[in-house]
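Quick note on numbering: the sequence shown equals residues 1 to 61 in UniProt numbering.
What the hints contain is simulated information worked out from the structure, not anything from laboratory work. Some hints could be false.
Said to hold, decoys possible - Between beta-carbon pairs, the in silico distance windows are: (1) D23 <-> C52: 19 to 25 Å; (2) L8 <-> H53: 22 to 28 Å; (3) R11 <-> E42: 23 to 29 Å; (4) S20 <-> D55: 26 to 32 Å; (5) L5 <-> N39: 34 to 40 Å; (6) E9 <-> A58: 22 to 28 Å; (7) E19 <-> A58: 16 to 22 Å; (8) F35 <-> L5: 24 to 30 Å.
Unchecked claim - Simulated crosslink set (DMTMM-like; lysine to aspartate or glutamate; CA at most 25 Å straight-line): (9) K15 <-> E42; (10) K15 <-> E27; (11) K60 <-> E27; (12) K60 <-> E9; (13) K60 <-> E34; (14) K60 <-> E19; (15) K60 <-> D23; (16) K15 <-> E34.
Cβ coordinates follow ideal geometry from the N, Cα and C atoms, glycine included.
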Amino acid sequence: LLQWLSPLEPRQRHKHLRESRLDGVGEWIFWTREFERWNTVEDGSAHSVLFCHGDPGAGKT
1 LLQWLSPLEP
11 RQRHKHLRES
21 RLDGVGEWIF
31 WTREFERWNT
41 VEDGSAHSVL
51 FCHGDPGAGK
61 T
């Protein structure tokens with residue numbers, strides 16, 4: 001039933017995309033002020049979610 005519902009095999013596609021990813025892609029986010037603020041919150045009450053928005057297919061994942 002699952003194969004019939006999802007013939008795209010998302011696990012295999014994800015594995016292929018992960019393996020073909022270029023080194024350093026996406027690391028820019030670690031150097032942004034927003035990430036630094038989010039990453040250094042100590043009490044856990046504020047900024048507990050880092051929301052990354054952008055166009056569909058732009059590489060947010």
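Cross-check of the supplied hints:
no.	hint	in the structure
1	D23 <-> C52: 19 to 25 Å	holds (20 Å)
2	L8 <-> H53: 22 to 28 Å	holds (25 Å)
3	R11 <-> E42: 23 to 29 Å	violated (37 Å)
4	S20 <-> D55: 26 to 32 Å	violated (21 Å)
5	L5 <-> N39: 34 to 40 Å	holds (38 Å)
6	E9 <-> A58: 22 to 28 Å	holds (23 Å)
7	E19 <-> A58: 16 to 22 Å	holds (21 Å)
8	F35 <-> L5: 24 to 30 Å	violated (37 Å)
9	K15 <-> E42	violated (34 Å)
10	K15 <-> E27	holds (20 Å)
11	K60 <-> E27	holds (11 Å)
12	K60 <-> E9	holds (21 Å)
13	K60 <-> E34	holds (15 Å)
14	K60 <-> E19	holds (17 Å)
15	K60 <-> D23	holds (16 Å)
16	K15 <-> E34	violated (29 Å)
The structure fails to meet hints 3, 4, 8, 9, 16 from the earlier list, while all remaining hints are met.
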